[in-house]
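A.B. asks: Numbering (my numbering), first residue to last: 40 to 183.
FYI, nobody ran anything at the bench for these hints, they're computed from the structure.
Check before you lean on any hint, since a few could be wrong.
As the list claims (entries may be wrong) - Label pairs and their calculated CB-CB ranges:
| id | residue 1 | residue 2 | range |
| --- | --- | --- | --- |
| 1 | Asp95 | Ala62 | 29 to 39 angstroms |
| 2 | Leu103 | Thr71 | 15 to 25 angstroms |
| 3 | Asp95 | Cys141 | 18 to 28 angstroms |
The C-beta atom is built at its ideal place from N, Cα and C for all residues, glycine as well.
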Amino acid sequence: MNQNQAPGKVRLRIAIAGVLGLASALLCSFVTIFAWVSAPYFQSIDYPGGRQISEDAKMEWLPLPAIQRSAVFRTDDEFPRVYNYYSQQFSLGPERYANSNCNLMARTFTTTYFIEQSTSVTLCETPTDRMMIVYRTVTVRWPK
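Using the sequences and the hints given, assemble the complete structure.
C.D. replies: Structure below.
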């Protein structure tokens, strides 16, 4: 200890360092748990045997923590098979609307008390195959 420093200042610095360390540990723990809980939700958007054309994933912290994954797939499977897969996989039910050769299915619901899931699937019939555009967002909704 430096002779010129008062013991109170040293204790204050140690306390501040301890609080910052604890806050950092809590934040790292939260991010790790959130990513671990969210991982199965994101893997589930992949269509079995589908060809992935593009993918994007992002994480936001404000105003609420959220992870979003979007992807585009193509497959040669018949339209009803692909429609049934996504409808059953996410409990989407009947399509929200149909436009030309595309159907949109969407649903938002809360699971595990504070985690909200939003899923939308646009399924399009093309001249050569089926194209699926899938968005999946997992958001932490703090209890009110």
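A.B. asks: None of the hints should be skipped; say for each whether it holds.
C.D. replies: Now the hints, each set against the structure:
1. Asp95 to Ala62: 29 to 39 angstroms: For Ala62 against Asp95, whose Cβ atoms are near 31 angstroms apart, the range 29 to 39 angstroms holds.
2. Leu103 to Thr71: 15 to 25 angstroms: Holds, at about 18 angstroms.
3. Asp95 to Cys141: 18 to 28 angstroms: 20 angstroms, holds
Of the numbered hints stated above, none is contradicted by the structure.
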